[in-house]
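**Student:** Protein chains in written order, with the numbering used here: chain A, 185 to 480; chain R, 318 to 653.
Derived from the structure by calculation, the hints contain no laboratory data.
Honestly, I wouldn't trust all of these hints.
To be verified - Derived coverage of chain R by chain A (criterion: at least 3 residues anywhere in the stretch with Cβ under 8 Å from a Cβ of chain A; other residues may be distant): (1) 328-337; (2) 522-529; (3) 602-615.
Just so we're clear, the structure is a prediction, and the values are computed from it rather than from any experiment.
Every residue, glycine too, gets a C-beta built ideally from N, C-alpha and C.
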Amino acid sequence: MKNIINIDLIKPKIKEAKLSLYLLKKDKLTRIALYLSIFLFILALVGYWIVPYPQHIADEANSINKLQPPSMEYFFGTDELGRDIFSRVIYGTRISLITGLFSVGLALLIGIPLGAIAGTMGGWIDELIMRITDIFLSFPPLLLAIAVVSVLGPSLQNAMLAISLSWWPWYARLVRGQAISLKERKFVQAAKAIGSSNFKIIFKHIIPNTVSPVIVQASMDIGGVILTIASLSFLGLGAQAPTPEWGLMISTSRNYFLNAWWYSIFPGLAIFITVLTFNLLGDGLREILDPKTRKN
Amino acid sequence: MLSYISKRLFLGIIVLLGVAVITFTIARVIPSDPAVKWAGSRATEEQIEAARETLGLNDPLPIQFINYIKDLLKGDLGYSLRTHQPVAQELKTFIPATLELVFISFIIAILLGIPLGIYSAYMKNQLLDHVSRLFSIGAVSLPTFWIALIFQLIFYNYLGILPLGGRVSTEITILYELPDITGMLLLDSALVGDWYIFKDALIHMILPCITVALYPIGLVARMTRSALLEVLNEDYIIAEKSYGLSQNKILWVYALKNTIGPTAIVVTLSFGYTLMNTFLVEAIFSWPGLGNYVATSVVTLDYPAIMGATIFSAVTYILLNLLADIIIALDPRVRL
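All chains should be modelled from the sequences, with the hints used to inform the complete structure.
**Tutor:** Take a look at the structure:
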């Protein structure tokens, strides 16, 4: 049994991991982004219990205190219904992270199998799947999402579905490239030799081995996806009132922002910080994990 | 090379056909009943039936699709649910304003992005390089619609030096007849020599253009930087250095020449993203372009109008991809 694990193949991988860890320690910006993203996830988890006015997350109006500037009582001021913007912005973290993760997850569910099938099978199946991804890639992503949501009806679920629909081709392409090189490897050839079905080869041997680059790519995309969801909500196609979604809050704030700057500023800052965090993390991870940029 | 370009053209046509299949599916197959939407909320049974006939919804789907393709080839994008006007005609009035915005933003992006990229390659891992990395990642992370609001807040509300939005001041639209040759106001007013309108239009363009340009500036800078870094390690640069040519001459004349290809490709390919940013920005600056048209259509769920804008953007994007492919092909170092 001991020959199954080939030490010589694993050694460079361990060395590689150690080097990556070392580079991560050296790259301050990426490290900060890593801590920030962990912080955001914690905020998303516990947000509801730590905000000062959890009742303001829903629709409860408090119109005596409407459009109050930031104060010790209301850190980020209040909105047109007198709700605490700080509570709503903090709770919004949960909405943005969950919708971002779900959209990327759904896109992975579509993209990975298609890419693996295309890469492993080759031939006309590959041609067909790749042309379909080309077609989807020729739409500007937000616009395809707008078109889909305008037909399905505006809601956060439909916005997530629409975004996955415009995002999966990237994963299909990535996995296809991986599959093409994997299928020449010995373990796949061995599986073929003992008569494993194509289905089994694709789902048991190819896909599990494409996971790590796909995860890296997906973590880089979360920022962009969160931004797209916020944009859809801003246009009125995503979250609907009274959901404390950042894009929707900015959209509502447009009617008041010349007199109440805080209403627009804070939800926007929240989007910016969240998206920047994930983008910095993604950019850093790429620099660390890609041997080509590492040399520089 | 000719066979390469014709192959790309052929693939482009296939992709265009696929785009038509998808838009057809979204517009005709998914909605429960387009005729109900067409006829309006208070329509009678007969009116809905009549709408179904007008829209050709009683035909079998394959026939509907063939008719759809025929219409597309004629440039017929159907009728808007909101205004009942031909979508193609409406698009024609809105597209020039958007293109004007995108073009000028790209000019700003190239003028600022390339020098930024050159200097950050030259000063690799120094302060300027880090700042430019942060700036370019920051620019991609900014919600465009939000930064547009902030600009309005600062430059209109607090400083009062720039207008809130629109293409020209209201008094100009009332007192003067705006020139209309290409639909791009800046170009038109220059063509007829009306510098008063030109100046006013230019002032109105500053905020929207800067907002839209932020993303491509970062992108161009990053691309120029990485392309230049690759070039700077080449033998011919080392040879020039050893001949004693000045650093500036090497950087701006010999090295830059070989980074134009990749940068041009990125610029063409980032068009899609920039167009999307333009869409979001237009709604805020009341810019009478495609994005404003889509935003209004979105509110009324006028999907034929949205589909029309989608098809236009996809076609433009495919053509630009083709252009990028041709730029690659023109590089004599690339063997096809």
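**Student:** Take the hints in turn and mark each one as holding or not.
**Tutor:** Now for the hints, and whether the structure bears them out:
1. 328-337: holds (count 5)
2. 522-529: Three-residue rule not met by the stretch 522-529 of chain R, so violated; n is 0.
3. 602-615: With 4 residues closer than 8 Å to chain A, the stretch 602-615 of chain R meets the three-residue bar; holds.
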